[in-house]
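2 protein chains.
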Amino acid sequence: MEKQDHFLEHFFNPESVAIVGATNNTLKMNFRIMRNLIDLNFQGTIYPVNPGAQEISGIRAFASLRDIPDKVDLVVSAVPASKTLDIVRDCAEIRAGRLVIITGGFSEGGPEGQKLHNRMAAFAREKGIRVLGPNTLSPVNTQNHLAISFNAIKKIRRGGLSFAFQSGFYDPKINWILSHMGVNKMLDMGNKMDINEVDTLAYFAGDDTTKVIAMHIESLKGNVNEFFDLLKSVSRQKPTIILKSGRTPAGSKAAASHTGSLALENDLIFDGMIQQTSAVRAQNMDEFFDLAKAFSLLELPKGNRLAIIVLSGGEGVMAIDSCGMNGLEPASLSQNTHQRLKEIYPPWEIPLNPFDAGVCMEFNLSDLSLFFRNLAAIPRDENVDCAIMQMPPNIFAEFLTKSNLSQKPIDAADEQFLQCLASVMENGKPSALWCSTMDSREMELVEMLEARSLPVFQSSERAIKSLSAMYRYGQKSGQV
Amino acid sequence: MEKQDHFLEHFFNPESVAIVGATNNTLKMNFRIMRNLIDLNFQGTIYPVNPGAQEISGIRAFASLRDIPDKVDLVVSAVPASKTLDIVRDCAEIRAGRLVIITGGFSEGGPEGQKLHNRMAAFAREKGIRVLGPNTLSPVNTQNHLAISFNAIKKIRRGGLSFAFQSGFYDPKINWILSHMGVNKMLDMGNKMDINEVDTLAYFAGDDTTKVIAMHIESLKGNVNEFFDLLKSVSRQKPTIILKSGRTPAGSKAAASHTGSLALENDLIFDGMIQQTSAVRAQNMDEFFDLAKAFSLLELPKGNRLAIIVLSGGEGVMAIDSCGMNGLEPASLSQNTHQRLKEIYPPWEIPLNPFDAGVCMEFNLSDLSLFFRNLAAIPRDENVDCAIMQMPPNIFAEFLTKSNLSQKPIDAADEQFLQCLASVMENGKPSALWCSTMDSREMELVEMLEARSLPVFQSSERAIKSLSAMYRYGQKSGQV
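Chains as they are written, first to last, in our numbering: chain D, 118 to 597; chain W, 118 to 597.
If we strip away everything but chain D, and leave its shape as in the complex, we get (with noise of 0.2 Å):
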């Protein structure tokens, strides 16, 4: 892997990390950061740092930056406020340049804070350490496995989806989003001291493994025209989806008060300003996971017209419904299918597009694995362009391999079940699934399909909506 020339290449790939505040108290949140590291097997050297252990998880540990014999590629500080200062000057003398700020406090903290915070920057500025936060939980590199959280991490699916944030927000939904959406990589920018989101684009634009850019902004620290000129070109290179938050005049205050950066107050300008990029707008944060998943997972459509398959007729008008209010095209089926496809229908003739599957199975139990031959000739249709279908529900794994379905999560019964819905879904295409209701069963399902890279949502609509926007995005950058 090809390093890049970029000052926060370093911070994504350090060839050590000390941990400032490592702790062996398992009922610390500080305890995890170190912890994930090992756990992880992270690709560096690791410098627990804490004047009162001899070792941290079994590491030998220092009490005091100082202390350390060797180089410090990078520093994750997460000592109280009232500290932090301490550990910037030691971050001096030591010469380690690249410092990640996790505690807050800072500019959010009131005056107190943000004298703390102006003292910190104007200091670092001046010993040209270059500064993460504060108020950070990151960064994260599923490349080489370091991952700052306070939460224990457990699957990592890697991918070339990066995420920037400017709010730990994510953090409670990390291992949701590190197990199925294909991470590359993720950068809290918390309060902004110094890195920024004109750093953090910049960056995410030149590393190769980064195929998709995914960020949350409530603010513009960096020069706005700047931001908007980069996210012009990167947007036209690489799907970058936008998440603002601090849309209304009071968000935006909201905003002001929990990072302490000034937000960007009218929401129309901003929206203006991403309409003249390539740069997909998500409506909500729900909407942001949605694309940065399809994105991320998917190939960009090549036309509109969409294959619908649903396991009931109720779930095909809505489906309709979306397609019309979205821009895609419900696809009309070739002769060749309907011919497949009468194999498996009911007794009477039903509509090809939206097909619904349900009425059909109900008269295929007793051959299910030809049921789902006959209905991947759906998304291989030469009029679609894009496919989506409804998860049947676990009752058709029995049907499927004719047995009652074990109460274990997931069995053979499962497994079958699995690769006949990856069958009709792996066709080359854009497909996605959806299911509206998870238990833990359809969640281990969907954990599959989506290691397949086959993304499950939770409506049509939603579905629809990503793919209608990985069409539009195609046109506009023109990639397709």
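Careful: at least some of the hints might be erroneous.
Same chains, same label: a pair holds when it works inside one copy or across any pair of copies.
[Claimed, not checked] Calculated cross-link-like contacts (lysine-lysine; reagent style DSS-like; alpha-carbon spacing at most 30 Å):
id: 1; residue 1: K272; residue 2: K290
id: 2; residue 1: K232; residue 2: K459
id: 3; residue 1: K145; residue 2: K459
id: 4; residue 1: K290; residue 2: K459
id: 5; residue 1: K200; residue 2: K459
id: 6; residue 1: K370; residue 2: K459
id: 7; residue 1: K145; residue 2: K290
id: 8; residue 1: K370; residue 2: K546
id: 9; residue 1: K370; residue 2: K419
id: 10; residue 1: K244; residue 2: K200
id: 11; residue 1: K593; residue 2: K349
id: 12; residue 1: K546; residue 2: K328
These are computed hints drawn from the structure, not numbers from a lab.
The model shown is predicted, which means the values in this text are computed figures rather than measured ones.
With chain D fixed as given, assemble chain W onto it according to the hints.
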């Protein structure tokens, strides 16, 4: 329970039910229809009808309806379309006046199906037999444990919410619906050969145990003016939520094809008519179930002043944006509450509303019970009409009990955690939680919270939209 003098009463509270097409074969869809009645301990007599069986699931079976020695209150028919007319004839012969036809393939099944439909409809009308369906999966009545479904029904949480559907789209979601939102009755009108939305609405209006009505329609089969006149008066008395699909011309055409009904082609006119009632229109399926749950589990807000408890400033900004866009006001908390909250503040001042519980918890890990006791002051503040709170991740259950959680889905730590959440949110005012990612542990917590009438939504926006709709309903209907 006093019985209503409406013909639908016997569909929901039959003294006896005959299941025509009942089977012992667990790998047929029909198996579940009767099995659910047994497993749920249906409060009436069950007569399986199947010429090839002596007994089904341990109950004596009859070769035909004509062989049943006693009066049959309700007949449920699940035999192929071609044989259904014979069942209607049998009903006439044994003077069974109420028939549910589960089978599809009639008016939605091409010219042949339409012909069958017409013959059955004429015959049933002539003989005075009331017909639900065809193409229905219902009724469900949680009061007497009557539940017609293809899915194995697991848990039922009773309540005052009654659903009417015009499609079986809810059947794959039936366990989720029945376990979370406090359901009273469910009726799927299917192809509406006889029983239509006017009958259903009139019945629910007069049904004492139904407190909230949620209705999905694609077409109006009864007289349009009659429906809206009825809706006007019913929606003033009981919150009535309407999901109308087939909104676009293509959607409306799709609606016509799957139940053979004439759809309402102009959505704007429909919307205008809804505006003249107190009914609440849901924009999509997610909103339909969100609203159903909110109205079912919560009292109407007395005002629009909302308290917001978040885990991060970023979530707070988004919640405030949603408030502004949906007509709720962030409540201004009193000095008393401010004093209480100061006890759990981080070492700096933070805004009161949205209240960042995340940063506070980090500084109160040593006594989270105290933390929750003080937090409880927020929704109880005199300036608060309703409240929402982001559900803290499981990690806090660990800190609460000062022990690492076991891997069991729900254990003592979760129980204590649940008590803490409930102590904040059970405050006599409409209060909801949100949690945007649900793993299986979280889902069990959600189920336990909803069993205590504390609804959990998937985002602050969805919680706010639901409370906002309830507030506006209270104002418009004059109930608040």
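Verification of the hints:
1. K272 <-> K290: both (13 Å within a copy, 28 Å between copies)
2. K232 <-> K459: Answer is between; shortest inter-copy Cα gap is 22 Å, intra-copy 74 Å.
3. K145 <-> K459: For K145 and K459, only the inter-copy Cα distance (22 Å) is at most 30 Å; the intra-copy one is 62 Å.
4. K290 <-> K459: This pair counts as between: shortest inter-copy Cα distance 28 Å, intra-copy 44 Å.
5. K200 <-> K459: between (73 Å within a copy, 22 Å between copies)
6. K370 <-> K459: between (60 Å within a copy, 22 Å between copies)
7. K145 <-> K290: within (19 Å within a copy, 40 Å between copies)
8. K370 <-> K546: Answer is between; shortest inter-copy Cα gap is 27 Å, intra-copy 44 Å.
9. K370 <-> K419: between (42 Å within a copy, 26 Å between copies)
10. K244 <-> K200: within (18 Å within a copy, 87 Å between copies)
11. K593 <-> K349: Classified as within: same-chain Cα gap 12 Å, cross-chain 47 Å, threshold 30 Å.
12. K546 <-> K328: within (18 Å within a copy, 47 Å between copies)
The structure shown violates none of the earlier numbered hints.
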